[in-house]
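J.: For reference, the chains in residue letters:
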Amino acid sequence: MDGAGRGGRLESAGLETGGDLLRDAREHASVRPHDVGGLAGFGPVSPHEDDEAFHADWEARVFALNEVLRRRGTYSTDEFRDAIEQMSEEDYFGSSYYERWLHAITTLLIDKGILTAEAARCE
Amino acid sequence: MSDPGSQLLAPGALVRCRPQDPNRHHRAPRYVQGHVGEVVEYRGSQPLPDEVVASRGATRLMVPVYGVRFVAAELWGGGDHSVTLDLWSSYLEPETNP
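In the order they appear, the protein sequences are chains A and B.
Convert by adding 149 to the 1-based position in the first sequence; the result is the number in the numbering used here.
Convert by adding 81 to the 1-based position in the second sequence; the result is the number in the numbering used here.
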């Protein structure tokens with residue numbers, strides 16, 4: 150994977166040309182980081198016994214929040230997946246499973262005008 | 082009631098997964114794009130995820146979904162097993178030159 154490096158180079162190129170090159174590259178290049186099935190370079194898969202569905206209370210809360218919002222029709226599963234896929238490579242690979250979920254929930258609620266960006270930044 | 086999707090691709094039909102725009106939401110993983118598989122069965126019609134996302138959840142374009150079996154060695158270069166995925170027909174084209 151040269152994911153992070155590629156993003157870095159695009160950022161540098163964008164700065165030098167007023168952002169046009171960066172925008173153009175983002176529109177045309179493969180910048181979605183999630184589709185890594187079958188790619189080598191992530192190290193061995195190490196199956197382990199793990200009965201815990203959640204490893205922290207906040208993870209269960211994120212899971213429940215997503216269930217409620219999807220069932221209420223606030224957004225669809227497809228929009229939820231799309232929101233995760235639009236994370237930057239740095240954020241995607243630097244986030245845990247439920248951190249990605251929280252990112253998607255926050256992004257979609259802001260996008261749909263339910264949550265303000267200011268409110269989302271509050272602790 | 083007959084479902085038109087069940088008539089489109091019969092079990093045993095060879096199909097090729099079309100290359101997909103990597104910047105758009107879809108449900109055809111890169112590892113099967115461009116590869117030929119065999120239809121196992123019709124799984125019913127489901128909203129095409131691409132359209133759900135493009136319309137921000139406003140439209141549900143029902144499209145037939147098929148279970149398609151790929152030979153693992155064809156995908157990965159090794160292995161004696163197969164990989165079966167559910168793929169919307171929008172991602173598939175009949176393989177005419179197997």
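A couple of the hints might just be wrong.
As the list claims (entries may be wrong) - Keeping only pairs whose Cα atoms sit at most 25 Å apart, straight-line, the calculated SDA-like set for lysine to any residue is: (1) 261(A) to 139(B); (2) 261(A) to 137(B); (3) 261(A) to 247(A); (4) 261(A) to 105(B); (5) 261(A) to 246(A); (6) 261(A) to 156(B); (7) 261(A) to 128(B); (8) 261(A) to 203(A); (9) 261(A) to 241(A); (10) 261(A) to 251(A); (11) 261(A) to 141(B); (12) 261(A) to 188(A); (13) 261(A) to 201(A); (14) 261(A) to 237(A); (15) 261(A) to 135(B); (16) 261(A) to 91(B); (17) 261(A) to 229(A); (18) 261(A) to 138(B); (19) 261(A) to 108(B); (20) 261(A) to 92(B); (21) 261(A) to 140(B); (22) 261(A) to 186(A); (23) 261(A) to 142(B); (24) 261(A) to 244(A).
By construction, these hints were calculated from the structure, which means they are not laboratory data.
J.: Hints first: check each against the structure and report whether it holds.
T.: Each hint, compared with the structure:
Between the alpha carbons of residue 261(A) and residue 139(B) the distance comes to roughly 13 Å, so the proposed pair stays at or under 25 Å and holds. Taking the CA atoms of residue 261(A) and residue 137(B), the gap is near 9 Å; set against the 25 Å cutoff, the hint holds. Between the alpha carbons of residue 261(A) and residue 247(A) the distance comes to roughly 21 Å, so the proposed pair stays at or under 25 Å and holds. Under the criterion of a C-alpha separation no larger than 25 Å, the hint pairing residue 261(A) with residue 105(B) is consistent with the structure, at around 19 Å.
As the CA atoms of residue 261(A) and residue 246(A) are separated by approximately 23 Å, the hinted pair is consistent with the 25 Å bound. A threshold of 25 Å between alpha carbons decides the hint, and for residue 261(A) with residue 156(B) the separation of about 39 Å lies outside it, so the pair is violated. Of the pairs offered as hints, the one joining residue 261(A) and residue 128(B) holds, with about 21 Å between alpha carbons and a cut-off of 25 Å not exceeded. Taking the CA atoms of residue 261(A) and residue 203(A), the gap is about 28 Å. The hint is violated against a cut of 25 Å.
A distance of roughly 22 Å separates the Cα atoms of residue 261(A) and residue 241(A); the hinted pair therefore holds under the 25 Å criterion. Between residue 261(A) and residue 251(A) the alpha-carbon distance is near 15 Å, which keeps this suggested pair within the 25 Å criterion. Note on residue 261(A) and residue 141(B): the hinted pairing holds, with a Cα-Cα distance of about 19 Å set against a maximum of 25 Å. At roughly 34 Å between alpha-carbon atoms, residue 261(A) and residue 188(A) are farther apart than 25 Å, so this suggested pair is violated.
Our distance criterion of 25 Å between C-alpha atoms is broken by residue 261(A) and residue 201(A), whose separation comes to about 33 Å. Distance restraint check for residue 261(A) and residue 237(A): the Cα-Cα separation of roughly 20 Å lies within the 25 Å cut-off, and the hinted pair is therefore satisfied. Proximity of residue 261(A) to residue 135(B) is assessed by CA-CA distance (about 14 Å); at most 25 Å being required, the pair is judged to hold. Only pairs whose Cα atoms come within 25 Å are accepted, and residue 261(A) paired with residue 91(B) is rejected, the gap being roughly 41 Å.
With a C-alpha separation of about 12 Å, the suggested pairing of residue 261(A) with residue 229(A) holds against the 25 Å cut-off. Between residue 261(A) and residue 138(B) the alpha-carbon distance is near 11 Å, which keeps this suggested pair within the 25 Å criterion. With a C-alpha separation of about 23 Å, the suggested pairing of residue 261(A) with residue 108(B) holds against the 25 Å cut-off. Restraint check for residue 261(A) and residue 92(B): the C-alpha separation of about 42 Å exceeds 25 Å, so the hint is violated.
For the hint linking residue 261(A) to residue 140(B), the alpha-carbon distance of about 16 Å falls within 25 Å, and the restraint holds. A threshold of 25 Å between alpha carbons decides the hint, and for residue 261(A) with residue 186(A) the separation of about 31 Å lies outside it, so the pair is violated. Simply put, residue 261(A) and residue 142(B) have alpha-carbon atoms about 21 Å apart, close enough for the 25 Å limit, and the pair holds. Taking the CA atoms of residue 261(A) and residue 244(A), the gap is about 23 Å. The hint holds against a cut of 25 Å.
Hint compliance for this structure: hints 6, 8, 12, 13, 16, 20, 22 are not met, and every other hint is.
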